[in-house]
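Student: Listed below, chain by chain, are the residues.
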Amino acid sequence: MSEAQLTSPVGVDAVVVSAPAAGAGTFWRRLRAQRAALCAAAVAGLLVLFALTAPLLILLEGADSTTYHPELVDSARGGVPIGSFGGASGSHWLGVEPQTGRDLFARLAEGAQVSLGVALGATLIQVAVGVSVGLAAGLGNRWVDQLFDRLTDVVIALPLVVMALAMLAVVPEDFPRPLLVALIIGLVAWGTIAKIVRAQTIALKSLDYVAAARLSGWNTWRIARRELLPGLAAPVLTYSALLFPVNVVIESALSFLGVGVKAPTASWGQMLAAADVWYQAAPQYLLLPAGLLFTAVLALTVLGDGVRTALDPRAAGRLRVGTRAGQGPAAPAPAADTAPRKEGAV
Amino acid sequence: MTSFVLRRLGGLVLTLFVISVLVYAVFYLAPGNVAQLSCGPRCSPEQVRQVAAQLHLDDPLYVRYWHFLTGLFAGQDYSTGTAVLHCDAPCLGLSYQSDREVTQLLLEKLPASVSLAAGAVVLWLIIGVGTGVLSAWRRGGLTERVLTTLTLAGTAVPVFVLGLVLMVLVCGQWELLPFPQYVPFGEDPEQWAWNLLLPWVTLALAESATFARMTRSSMLETLAEDHIRTFRAYGVPERAIVGRHALRGALAPLIALNANHIGALVGGSVLTESLFGIPGIGRELVHAVQVVDLPIVVGVMLAVGFAVVFANAVADLLYAVADRRVVLS
Amino acid sequence: MSLVDVRDLTVDFGGLRAVDALSFRLDEGGALALVGESGSGKSTVAAALLGLHHGTGARLSGSVEVAGVDVGAAGERELRRLRGGLAAMVFQDPLSSLDPYYAVGAQIAEVYRVHHKADRRAARARAVEVLDRVGIPDAARRARSRPHEFSGGMRQRALIAMALACEPRLLVADEPTTALDVTVQAQILDLLHQLRQETGLGLLLVTHDVGVAAESADEILVMREGRAVERGPIREVLSTPRETYTRELLRSVPRLEDARERRVAEAEPVLRLEGLRKEFGRGRHRFAAVEDVSLTLYRGQTLGVVGESGSGKSTLGRMIVGLLEPTAGRLEFTGQESGRGSGAQDGRRLGKDPGAGGARTRKQTGGRPRLQMVFQDPVSSLNPRRGIGESIADPLRAQGRRDEEGIRERVTSLLERVGLRADHYDRYPHEFSGGQRQRVGIARALAAEPEIIVCDEPVSALDVTTQAQVTALLAELQRELGIALVFVAHDLAVVRQVSDQVAVMRGGRIVEYGPAEQVYGAPQDPYTKELLAAVPALDPDAAAERRAVRRELALT
Amino acid sequence: GPEDSDAASGDDAKPKKGGTLRVLNSEPQTDFDPARLYTSGGGNVPSLVFRTLTTRNREDGAKGTEVVPDLATDTGRASKNATVWTYTLKKGLKYEDGSPITSADIKYGIERSFAAELSGGAPYLRDWLIGGADYQGPYKDKGKKGLDSIETPDERTIVFRLNKPEGEFPLLATQTQFAPVPKARDKGTKYEEHPVSSGPYQVVENENDGERITLKRNPHWSRETDEERFAYPDRIDVRSGLDPSVVNQRLSASTGADAAAVTTDTNLGPAELSKITGDKKLAARVGTGHFGYTDYIAFNPKVKPFDNPKVRQAIAYAVDRTSVVNAAGGSSLAEPATTFLPEQKAFGSTGHDHFPAGKTGNPAKARKLLAEAGYRNGLKVTLTHSSTTVGRGNPETAAALQDALKKAGITVSLKGLEDNKYGDVIHSVKDEPGFFLTGWGADWPSGGPFLAPIFDGRQIVRDGANFNTGQLDDPAVNKEIDEINKLTDLDEAAGRWGALDEKIGKRALVVPLTHPVYKRLYGKDVRNIVISDWTGVLDISQVAVK
Ligand SMILES: Nc1ncnc2c1ncn2[C@@H]1O[C@H](COP(=O)(O)OP(=O)(O)OP(=O)(O)O)[C@@H](O)[C@H]1O
Ligand SMILES: Nc1ncnc2c1ncn2[C@@H]1O[C@H](COP(=O)(O)OP(=O)(O)OP(=O)(O)O)[C@@H](O)[C@H]1O
Ligand SMILES: [Mg+2]
Ligand SMILES: [Mg+2]
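Chains as they are written, first to last, in the numbering used here: chain A, 1 to 346; chain B, 1 to 329; chain C, 1 to 556; chain D, 1 to 546.
Just so you know, the hints here were simulated from the structure itself, not pulled from any lab data.
For clarity, every value in this text was computed on a predicted model and none was experimentally measured.
From the three backbone atoms N, C-alpha and C, an ideal C-beta is built for every residue, glycine too.
Hints may contain errors.
Which residues of chain A face chain D? A few of them, derived with a C-beta cut under 10 Å, are [said to hold, decoys possible]:
#1 Arg77
#2 Trp93
#3 Pro176
#4 Arg177
#5 Ala274
#6 Ala282
#7 Gln284
Pair by pair, the computed Cβ-Cβ distance ranges are [to be verified]:
#8 C:Arg7 - A:Phe27: 39 to 45 Å
#9 B:Asp188 - D:Lys16: 52 to 58 Å
#10 B:Gly172 - D:Lys16: 26 to 32 Å
#11 D:Gly374 - A:Leu49: 45 to 51 Å
#12 B:Gly172 - D:Gly358: 37 to 43 Å
#13 B:Gly172 - C:Gly14: 39 to 45 Å
#14 D:Ala184 - B:Trp66: 34 to 40 Å
#15 B:Val63 - A:Trp221: 26 to 32 Å
#16 A:Val170 - B:Gly172: 38 to 44 Å
Covered stretches of chain A, going by a simulated chain C footprint (3 or more residues, C-beta under 8 Å) [as the list claims (entries may be wrong)]:
#17 30-41
#18 202-209
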């Protein structure tokens, strides 16, 4: 077993390199075959739709996320919403926020945009940085590899929360917050993905088809692009599918700690932070964002699991090439969990 | 073996060096007038200048960093006003805010953090590996589906919500436990455990989900391996196959996962420690960051970096012990 | 009463019928070989004998009776008694079939305790006993070793020992020697033979290698697509096959006796290797995988390289094409175009890193690569995510050709040349069979119009029938294009079929080198002799003869 | 097993001695050195250990804003123009080790507060004492002469010489810097680990930088010499570093040892309050207090368009105090403020309202003023606040203002700064934004420390932390401040401070928003609740736990 496999995070060695071509068609077919993943996809889709159409929905409701409604809260009692179900009514579908009387539905809808958007952005950045560094380490010579691999170790060793606290303070406040949060998560938490890509690259580049490409006369860059990157797609997609929900939680944790997005922008984590003391007085204030966060993370995780199973080469059943290939009644095995680190998330 | 240790040591030193430089650079840029924060809001400019001089804040960055390095290797002297004391190497300097030796401060906070982490790790291994094994064994059945859903739910609830709800229910509503307050182990081991129970559970629940999923898929993978087929073909009961052979095979990746979770643990501890008022390193860190107490931040980051790198090295060693086929290179 | 009685066994995996109304019997103490090409359902039958399909989603019908147990109707307990107790199985891959985390002896003891009420110590003792029985030297000590500390042959012995531990009446061996070198294979087959003689064990041998069957069984059952094609006493079937399929199968089997027709003229040399050496590892782990190899390749001729696993064949091949950098020694092009030979030298400088370099070919851009390679594994040598047409076109594009029309035309003609169809251009590797993929690999090698093609075990992964097709194709191409071939293989018969010159490698060195007839006809080196004696013969009588020779060689 | 909850005795009668009082706090007592503390009137826990020359009157409500003698026999005798103050120590005062407390120890305690090593206290001593501005404390004072402006003619007498009249010196003498420190036991920055007690309790342990402090009775303290502190419990057990919601959870559950618990730093939040108001039993365990504090909008008239008084007035009119109060926690936790001075009698607030905005703002009037100022089509401004959710200038209040000003045609964009940065810019003359949120609290209950730092032109700090946010330097205002400082009759001074506040208020340099109301839970077994208007919180020197 190579050093690469030793130091690589879990799940890396689970990625089989001689993956059969799971073309897009096969992928969808296999994804569709999983009922749980389908349900999760539906739920996730609804949430995304909810986020995308938030402005429309809010318009439909007729409220907005920033207007204060002091008349809707009981000032003498700390500002609990007046009326049952948190002051839910025709004009405030899910009631209003305690203290401010801002419309809860509108804030949840906008929060969906921020939470999912930030998580998505963070995931994209993580993938971009992680793949670049991993690829460079995997392809470079011993020194380049050592350099990037140590760098990855450093990044993995840095607690996200701390870096976020410091970096959010350093960056000018005019910088758009959601983007900044995405950047920070993306730039601090790419270590694992880089490790995966590195290990996968090292494994892939020993494959015969890479040797064949080299014999064809291609240069390293071309080989990386044409032969390796597609091979990395499956593990990277798998891992990022599992990373996405983790990022949703990280964003909420950062906002909870007060270093995430800022008022009056709503995000679920920030709403949770504000609401955690209201669990008894105005439960819906806590339960709604918590529920949405829970649902989103659950759906995305299940979906990520589904993606992983659908992309798992070993789930393709036996690959038969002559008698030397796999034997016996081996059932398709799921790949080991590529467990994304929740650094600082929790 | 020796070369493994040497290489790891080299990596460790390098990692720590990079971390310290990084932290210095980032915090150098961070806003906040450290001298003013240390002196108090109503200090006069002259006083602030004096404090800054005393903390070496007016030196250029590289001088401060050099000062830090020499302190680390040779220790440094500092004055309490009435006396001059020596901070022995490895000296991480003095806290800007409380004038205390960072090394000593960290050592003071360490037991609480370690108590929290150790218990949580044990608990999440028990919960996580237990449910993972069970759901792999009963794959396809109702047990598995219930367990899978539960563990997924675990990942989806942020620690801060989980901890608060647990505390409100267990201590407030049902009065099953007193509200946790940290009791040092040396003082009263029993109370130590009782008071840490809830923090452990909180931290462990969130993490055990990952471990359960990991164990399960790792088990399923091992169960699909050829040597399992051999034992099936020889009539070895399923219980022995799962309990002996599959579990053993699933163990190695778990070790690696654990090591990688040290970093995550720090993050989790920050929230858990502040929620339950455990006087640990995580909370110290957040506070230090807020008041730009650089020596403490550097100290904690180095400690964490050390823990992560060290844990990874130990994991590799364990891995090699668990799986003799692995050669340490 | 017969030991095994299978009647109308049908096995379905989902929509796939793996075994179709198969019936056969095996008497107490008899030996039956199940032979057939890959996917014909052999392993499925073997697994059915032990009821291993239970709870896997496979649908079975018909009846299977083993040692009086009706496998289909048996409950968990009875099945467990059957497995190991009455019928024991030996699997193909000896490494993965043992638990890497436990000592070999402990694993055997564990299985023994399932079937016998024995305490730990007694079980251990039994394990040592059977290990000793299968010829593991110093069994008491080696019983405490883990599988990875055993060589392939020892592992296979250990598996057989495990099977013997519970004194079963039937031994089911599913391709027990496929993963082993010929010499080791011969040892294992000899062991099985010996055990049968001594214990009266019934043997069901599953194999794709007719030679192996001929060595070990009394009866043979030829399978194809889940059905029995022909069965009967082995001597009869081999000498006078009734069915066309059987005949074809036997014809495809390469025989040691089949030599290639000799090339008439002395050809001109194209590449000379001098004192090639390749080291791997650093510090204490440093060792030479190839040492002091000097060879000459001739235009239009084939150099066969044989040797056991790990003898350095692939390393040599990769050095020839420039995928690996020799530690010492020279490669010298001597063909007409030798002016470009310096390209190879250039490349060498850039190809420092064996992983990322391969840069000789990089230097060759502008010109065409003079060297190409055909790889052993048709799966991993094609990028699963690219259409095969694109893969074949790679060398053309790398040469800087941009005319899509022309490229497509050239690729199409190459496809047709290797026996594929033009409309295969846009297909992906997984849509092809193993043999077809190997043809794609050959087409890709040809695209660059190289002078030399190194074929690293190009047919080892293929069925005999496909194997014959591919070697025929290579020979034909060589005749037409006058390419020099380096044919690396561990199968001596195949090498003899295709080679003009043969080099026998052992431990990184060439122990014997010369024209094919000379090496095969009058081997000089004892190792070559040993290898030749280990090749299974298609004729049971010849097999017995060779067994005798082997025993002799072992004694000397 | 878990600790059993020992049932509380239902005996509500007279407070009794004994028991352990638990203090549950969120912030640890990181500073426990009398020189470094900056707490109004000597704080809560510190005042159990440190006695000072004078102290606050430990009584409920307005009576609690009075200053009374502590170590001294009276609140101080002033010279005619209030520049020389003389104190005499009571007889028989002792430290925890039984040694006598002398006036030299008090002088030394004050002197060490000038050391850079022990910075942190209030600026008044430095500003008021002759030679204070240049004195660098006893550690750097090579001649060891000390501060000449503090004289100790004998062991029981101490005389302070000030560089200007300060009628409120007795109020300053309540600060912990006036606690005695025996020079021989001074350990510099390490002194706080075990400060020598002059009060009713002494330190048993002080762990983790003030996170866990245990106090026990000081055997040498006697109630005879201390009329203010009762010291009923035998022990005080301070546990801090807890999440605020956890503190309140524990106090409301009040089980086990928490039954005898109080908090000295954690207010009830709006959510907790709304739950508690529904529960009679719990509501009975809530103490309500008022501390002199004002949250306000600050303008920097050096920045356009806030140089225009009409713009400032327009904003003052547009403010919706109902939503601001709600953002601050609702009417139970905040009162709408129209005066800069807190509304307690001791501050002398006149209750004026120069720009009556009604309950929810007067956008019409605001628009009119804006039009007059030339902003007919509305106005775009930036409101700077702290992004930290608790404390001054919080985002909720900012958002509430943003919403209210919209109605007046003022488009506000919010600029939430990380707390350190926020502190840096709003206190910097150079970088001060034009429009921001901040707050000011009383160092003691009087208009002086409330108005002077904010409006005294001579207190504008150009190269350090400046609190004169409006950068007002009006000779008339400066002169009036000096005049009032001469008064030793504090009631009279209060009246004059009130009048000055009303006068400055017209300039609309600040828009007062709210005065906070403190609501704090205490445990079931806690008796003898005293909440003065000085601190606004339960005084732990008065409580009993039995
Ligand atoms: N568990 C399974 N699920 C689905 N299909 C299977 C399974 N096992 C075997 N098959 C299919 O059944 C057919 C027969 O397989 P089997 O393994 O018996 O062939 P074989 O003759 O042993 O081939 P080989 O020589 O390659 O080992 C093949 O087409 C194979 O793909
Ligand atoms: N990249 C490498 N690094 C280290 N050792 C290697 C490397 N490649 C090959 N070896 C070692 O060199 C020796 C020769 O290997 P090689 O692959 O050439 O053998 P082979 O004759 O092709 O065997 P096989 O028949 O199994 O393919 C083996 O011991 C192998 O383990
Ligand atoms: Mg088979
Ligand atoms: Mg090879």
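Student: Each hint: holds or not?
Tutor: Taking the hints in turn, this is what the structure says about them:
no. : hint                            : verdict
1   : Arg77                           : holds (4 Å)
2   : Trp93                           : violated (20 Å)
3   : Pro176                          : violated (13 Å)
4   : Arg177                          : holds (9 Å)
5   : Ala274                          : holds (7 Å)
6   : Ala282                          : holds (7 Å)
7   : Gln284                          : violated (13 Å)
8   : C:Arg7 - A:Phe27: 39 to 45 Å    : holds (43 Å)
9   : B:Asp188 - D:Lys16: 52 to 58 Å  : violated (28 Å)
10  : B:Gly172 - D:Lys16: 26 to 32 Å  : holds (29 Å)
11  : D:Gly374 - A:Leu49: 45 to 51 Å  : holds (47 Å)
12  : B:Gly172 - D:Gly358: 37 to 43 Å : holds (41 Å)
13  : B:Gly172 - C:Gly14: 39 to 45 Å  : violated (55 Å)
14  : D:Ala184 - B:Trp66: 34 to 40 Å  : holds (38 Å)
15  : B:Val63 - A:Trp221: 26 to 32 Å  : violated (43 Å)
16  : A:Val170 - B:Gly172: 38 to 44 Å : holds (40 Å)
17  : 30-41                           : violated (count 0)
18  : 202-209                         : holds (count 6)
In this structure, the hints that do not hold are numbers 2, 3, 7, 9, 13, 15, 17, in rising order.
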